[in-house]
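Novice: Residue-level listing of the chains:
Protein chains: 2
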Amino acid sequence: MTYSVKFLPYNVSIDAEDNESLIRAAMEAGVHINASCGGSGVCGKCRVLIEEGNVEGGISEHLSPEDREKGYRLACLSKIASDIAVRIPVESQIDTTRLNAQTGGRHTAKAVYSDVDELRQDGLFIPPVEKIYLELDPAVAGDNQADVTRIINHLRLNHDEHRLTMDLNLIRKIPDIIRKGDFKVTATIVRPVRKDGKNKIVNIEPFDTSERNFAIAVDIGTTTVYGQTLDLQTGEVLSQHGEFNSQISYGEDVISRIVFSEKDGGLEIIHQKVIETLNKIIDRILKKAEIARHEVTTITLAGNSTMTQLLLKINPSYIRRDPYVPASIMYPPFHANEIGIDLADHSIALIYPGVSSYVGGDIIAGVMASGMYRTNELTLYMDIGTNAEIVIGHKDWMVCTAASAGPAFEGGGVKFGMRAGKGAIEDFSIDPETYEPMIITVGNKKAKGICGSGLITLAAKLLETGIIDSRGKFNRSLETPRVRKTDDIWEYVLVYKENTQIDRDITITEPDLDNLIRAKGAMYSAALTLLEEIGLKVNDIERVILAGGFGSYVDLQSAITIGLLPEIEPEKVTYLGNGSLLGCKINSLTNALRRDVANVVNMMTNFELASTPSYMDHYMGALFLPHTEMNYFPKVKKRLELLHR
Amino acid sequence: MTYSVKFLPYNVSIDAEDNESLIRAAMEAGVHINASCGGSGVCGKCRVLIEEGNVEGGISEHLSPEDREKGYRLACLSKIASDIAVRIPVESQIDTTRLNAQTGGRHTAKAVYSDVDELRQDGLFIPPVEKIYLELDPAVAGDNQADVTRIINHLRLNHDEHRLTMDLNLIRKIPDIIRKGDFKVTATIVRPVRKDGKNKIVNIEPFDTSERNFAIAVDIGTTTVYGQTLDLQTGEVLSQHGEFNSQISYGEDVISRIVFSEKDGGLEIIHQKVIETLNKIIDRILKKAEIARHEVTTITLAGNSTMTQLLLKINPSYIRRDPYVPASIMYPPFHANEIGIDLADHSIALIYPGVSSYVGGDIIAGVMASGMYRTNELTLYMDIGTNAEIVIGHKDWMVCTAASAGPAFEGGGVKFGMRAGKGAIEDFSIDPETYEPMIITVGNKKAKGICGSGLITLAAKLLETGIIDSRGKFNRSLETPRVRKTDDIWEYVLVYKENTQIDRDITITEPDLDNLIRAKGAMYSAALTLLEEIGLKVNDIERVILAGGFGSYVDLQSAITIGLLPEIEPEKVTYLGNGSLLGCKINSLTNALRRDVANVVNMMTNFELASTPSYMDHYMGALFLPHTEMNYFPKVKKRLELLHR
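In order, the protein sequences belong to chains A and B. The numbering of the first sequence is the working numbering, which starts it at 3 and goes up by one. The numbering of the second sequence is the working numbering, which starts it at 3 and goes up by one.
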């Protein structure tokens with residue numbers, strides 16, 4: 003159920019879901035309401051007057067009985083329960099020019115959605131591993147062909163299956179299985195990548211088990227490992243679960259993991275750690291979905307090149323050493339239990355290929371999941387994180403690169419930075435007159451810190467309101483106690499300690515902003531460098547795809563305002579979420595994709611920024627908000643001019 | 003050096019090698035000299051008179067000084083040292099008719115010889131596993147492709163190698179190896195059977211090791227396992243060794259081995275036994291040839307279907323049970339150490355495919371080694387042993403079958419039967435007047451028993467001299483103490499106990515002859531049945547190939563006389579020796595053969611004699627010497643008529 007919510011005096015309307023909190027609806031609409039505590043009802047600042055319609059809740063000790071009677075409510079505690087009109091108490095009349103220069107509220111990217119039905123319609127819902135039930139003719143005098151021959155001939159004659167092969171281990175089991183099933187058996191067949199490859203029979207089970215065919219998709223993240231089970235009959239996700247990658251105890255980032263792996267026995271230890279995590283997840287998701295281990299026929303895994311090599315126990319040393327060489331970009335299918343994955347003998351592991359040491363299988367998985375390799379639109383694919391990976395191209399060509407963005411996007415190098423957990427400031431606005439903030443936290447808990455997407459919005463709003471300049475430096479002459487100098491460092495107070503969970507003022511400092519600028523500068527200049535290398539301009543980009551954990555939360559206009567994303571209509575930006583996991587899922591469902599993956603990897607040209615001299619120039623130019631070259635951002639330029647008049 | 007030897011009074015001449023013993027030359031020439039002790043100088047019967055030329059030795063206490071002075075020598079101790087004329091003392095003048103009916107001496111089959119040079123000339127000396135030395139460009143900034151990609155691209159661009167693949171285990175080792183070799187490495191590549199298959203890189207070694215590429219060929223016999231090392235640069239056999247298959251302690255024949263394997267844990271035990279034997283042989287031949295384990299890139303193995311399944315640890319139960327179904331006829335290449343063969347990770351095992359439960363890889367190996375699959379001549383391939391395998395055909399078609407011949411050919415079921423070791427009676431002739439024997443043993447030792455080829459000659463000579471009739475029964479009315487009845491069993495005394503190693507009279511008995519007749523009857527009737535099934539007659543056969551241990555020793559005329567071989571000119575008969583080992587050797591040297599093998603296996607039609615009603619009729623007819631249908635043996639018939647006048 004959707005209701006119309008009108009904000010007065012701005013006369014801005016928005017559609018909001020039944021039961022949504024009023025303060026989130028205001029943030030969506032781009033309407034500022036002072037709110038210091040994150041939306042938990044503690045600070046009592048977000049008083050609004052309900053003029054028409056009803057809300058549920060919104061009552062607080064911060065409101066006197068008279069105020070309540072008049073219709074005042076706390077916006078953060080009010081749930082929308084009908085069409086309403088709500089008036090925001092404002093200290094001054096809003097300048098209409100400025101109002102027009104507002105970004106019109108929050109825009110997040112729409113999800114790209116890959117539908118199983120679509121695959122089915124296109125005749126592509128043929129998983130890499132299929133099960134086929136066979137009713138064989140029993141062996142008798144006059145027809146005593148070998149058991150294996152009997153199976154292969156039956157598949158040839160009755161199922162048009164050719165180029166069949168099987169391993170010794172399976173052949174060993176066949177004589178007994180075929181008789182246990184009284185010559186009724188189910189064959190599990192792994193499809194080749196290329197049509198002229200071999201179809202490998204990896205299992206023969208007695209009787210008809212063809213209805214029970216499941217896959218597992220796994221994203222091996224440096225921080226988190228996610229797995230899900232898939233029903234290969236229906237394409238449905240049956241269960242999923244994530245766990246921290248337990249390698250974390252040997253280092254937060256890939257470089258420190260590699261360093262650990264170089265110690266005596268380190269590779270074995272750190273390899274075992276991720277296998278442990280993986281087996282824990284597999285155990286959980288199989289139990290949840292009531293799937294037996296032997297019913298899993300494939301597991302597709304994707305990770306960055308370091309995670310992939312550690313998973314496969316391949317020395318990753320040369321990834322971190324000039325000239326940054328991975329062991330391989332493609333890996334052959336293998337039996338999952340060969341590397342210690344707790345699945346049956348016949349479960350086949352498929353590893354997403356990567357392109358280079360810093361553009362790995364996780365990125366290729368995302369590119370595949372996004373479908374960008376099939377479109378004509380010039381697409382910019384960005385995986386925002388400590389290591390920023392960028393792919394540009396479309397169906398005819400693709401280029402990619404990786405930049406070290408630093409940890410700012412993940413809350414690192416930021417004084418009150420944190421991951422996007424409960425209490426993280428995820429949305430933010432500033433009253434342009436009073437410089438008072440409006441803060442919304444994850445879970446509407448008292449504030450605890452600032453997450454990556456919050457940081458981007460913060461920086462954009464500070465810039466728009468002139469609290470910071472284009473170099474990220476605070477305006478030293480503003481008359482507000484929120485901008486201050488502590489221990490020689492300038493900062494803006496987001497939440498005073500009484501409204502926090504941590505009993506300290508939560509601030510954003512100039513060094514925080516420096517780190518953010520470097521991070522966004524690295525990403526943007528990487529994209530710019532890539533474009534330049536292939537003779538294109540930033541405004542040739544027709545589509546942007548965001549991957550990575552916080553892609554779905556980023557306010558697109560803010561990301562453009564600070565120069566993280568190129569200036570593009572928000573509708574042209576989509577997000578994938580966990581592209582790596584999504585790519586693994588699609589790989590499990592359609593074998594056609596595996597051919598495409600090989601083609602994409604072969605067509606993709608990798609640029610090493612370190613060997614691309616123009617990168618440093620582009621990087622220096624990008625260390626401004628949004629950029630020294632304001633012509634890249636004509637609309638932002640115009641808007642900031644209006645706002646800063 | 004060859005000398006001419008003329009035997010008087012027969013006026014028969016023969017060319018003999020320098021240093022050959024005179025008694026063997028006589029046997030070759032078909033000249034009878036009484037000799038009871040096997041050729042060891044003990045009985046002193048083989049007195050001959052040297053009339054022209056010289057011999058070395060031949061002096062014995064059995065000869066008086068006067069005799070020596072006259073020129074008498076013992077034939078068995080005389081070595082030919084010049085052209086000579088030698089007179090055999092005879093008790094009576096030889097009937098010339100009979101002389102003409104003689105077989106003209108001993109005829110053994112000529113060896114089929116597969117020459118490496120021939121392969122080389124035909125451009126076929128391309129082993130299934132090759133080593134290629136690569137001088138890679140070192141990784142530098144601007145060329146930092148993945149290590150695996152670098153290797154594959156180099157092979158593509160500089161060696162025209164395509165469709166390359168490798169396993170995870172190898173990928174694991176590459177980053178360190180490539181740098182250890184300073185980007186100079188040697189790749190080991192396994193060729194596919196079909197041209198459109200994948201070339202699998204199985205090893206990468208630092209620096210140039212391409213000169214050290216060795217293969218092992220192994221025949222896994224039920225009784226004996228033979229192995230040899232091959233230099234894949236030159237095609238040379240460097241060392242070889244045989245050992246009894248230590249499975250023998252669990253049964254002499256395949257059926258008793260299968261029965262043992264069906265016991266709890268039996269399969270594992272009996273599998274381990276043959277692996278032990280194999281590893282012992284490998285150890286020996288590698289040491290002899292000074293080859294390190296990691297320098298062996300392939301091992302090709304062939305055995306009958308039971309030996310193959312036990313080697314691979316595949317339950318062989320259904321081989322011995324109606325309808326006699328093997329697990330598989332073809333096996334994929336695998337890493338030799340997967341089944342416990344003590345070779346390096348990258349050594350690839352290739353298993354010879356078979357056709358059915360009783361026509362196994364050993365036979366196919368022999369067929370391949372014999373080259374019969376390439377000729378236009380209708381060829382009969384016979385592997386003579388306890389299990390007799392028969393293949394008939396040529397390049398356009400082939401049929402095969404197996405018959406249980408019983409153990410007579412291997413010395414079993416024969417009172418004084420033994421394998422062809424020292425002291426085994428291997429050659430034999432009888433004086434048609436006196437019925438005194440001429441005996442030659444293996445190694446010229448005092449007689450110990452009768453080997454398979456000796457038994458065939460014995461039976462033929464007994465038949466020719468009328469000592470036995472065509473049913474294998476002794477002529478009860480002969481006036482010689484050598485034919486006698488002991489414990490109600492008729493027998494012929496070959497060697498009296500004083501001239502034996504065993505201090506017992508060595509005889510051949512009627513039951514021995516019965517067993518031999520059954521064995522040769524099974525073989526011949528199997529061939530006849532096969533021919534009849536495909537609408538051909540026995541005289542359509544243009545060529546006979548004998549495989550198996552004693553093929554090289556069998557006197558062809560004797561084998562024809564008793565009806566083991568069809569009547570064919572001796573020049574049309576060749577022997578392979580250990581066809582299984584020879585097939586493995588050729589397989590190691592030329593990959594082209596592997597395609598041919600697959601084609602031969604696919605083209606070959608297997609007949610089960612048990613399901614072929616005419617077999618029993620043919621078998622009954624073959625239980626005579628040579629056969630009830632004497633028209634199959636017109637020349638033998640004529641000869642016997644002459645001899646028995």
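Keep in mind that the hints are not guaranteed to be accurate.
Where chains are identical, the list cannot tell them apart; a pair therefore holds if satisfied intra-copy or between any two copies.
EDC-like cross-link-like pairs, simulated, lysine to aspartate or glutamate; straight-line CA separation at most 20 angstroms [to be verified]:
hint, residue 1, residue 2
1, LYS182, ASP266
2, LYS290, GLU63
3, LYS202, GLU163
4, LYS186, ASP542
5, LYS202, GLU631
6, LYS275, GLU213
7, LYS175, ASP266
8, LYS175, GLU264
9, LYS182, ASP324
10, LYS265, ASP178
11, LYS202, ASP169
12, LYS175, GLU340
13, LYS8, GLU30
14, LYS265, ASP119
15, LYS200, ASP169
16, LYS315, ASP169
17, LYS290, ASP198
18, LYS186, GLU137
To be clear, the hints were calculated from the coordinates, so they are not data collected in a lab.
Novice: Reference check for the pair LYS182 and ASP324, CA-CA at most 20 angstroms: within, between, both, or neither?
Specialist: Classified as between: cross-chain Cα gap 17 angstroms, same-chain 57 angstroms, threshold 20 angstroms.
Novice: At 20 angstroms max between alpha carbons, let me know whether LYS265 reaches ASP178 within a copy, between copies, both or neither.
Specialist: Only across copies: LYS265 and ASP178 sit 15 angstroms apart there, 47 angstroms inside one copy, limit 20 angstroms.
Novice: Quick one: LYS175 to ASP266, C-alpha cut-off 20 angstroms, is that within a copy, between copies, both, or neither?
Specialist: Classified as between; 16 angstroms across copies, 40 angstroms inside a copy.
Novice: Evaluate LYS186 and GLU137 at a C-alpha cut-off of 20 angstroms and name the case that applies: within, between, both or neither.
Specialist: within (5 angstroms within a copy, 54 angstroms between copies)
Novice: Pop the pair LYS202 and ASP169 into one bin, within, between, both or neither, using alpha-carbon distances up to 20 angstroms.
Specialist: both (8 angstroms within a copy, 15 angstroms between copies)
Novice: Please work out whether the CA atoms of LYS175 and GLU264 approach to 20 angstroms or closer within one copy, between two copies, in both situations, or in neither?
Specialist: Answer is between: at 15 angstroms across copies they meet the 20 angstroms cutoff, but 41 angstroms inside does not.
Novice: Is it within, between, both or neither when you check LYS290 against GLU63 at 20 angstroms Cα-Cα?
Specialist: Classified as neither; 43 angstroms inside a copy, 97 angstroms across copies.
Novice: Cα distance capped at 20 angstroms. Does LYS290 pair with ASP198 within a copy, between copies, both, or neither?
Specialist: neither (38 angstroms within a copy, 44 angstroms between copies)
Novice: Up to 20 angstroms between alpha-carbons, please classify LYS275 paired with GLU213: within, between, both or neither.
Specialist: Cα proximity of LYS275 and GLU213: none, with 34 angstroms in one copy and 42 angstroms across.
Novice: Check LYS265 against ASP119 for me: Cα-Cα at most 20 angstroms, and say if that holds within a copy, between copies, both or neither.
Specialist: This pair counts as neither: shortest intra-copy Cα distance 49 angstroms, inter-copy 53 angstroms.
Novice: Should LYS175 paired with GLU340 be assigned to within, between, both, or neither, using CA atoms and 20 angstroms as the limit?
Specialist: Close inside one copy (18 angstroms) and across copies (16 angstroms); limit 20 angstroms.
Novice: Have a look at LYS182 and ASP266 and pick one of within, between, both or neither, based on CA distance no larger than 20 angstroms.
Specialist: between (49 angstroms within a copy, 18 angstroms between copies)
The structure fails to meet hints 2, 4, 5, 6, 14 and 17 from the earlier list, while all remaining hints are met.
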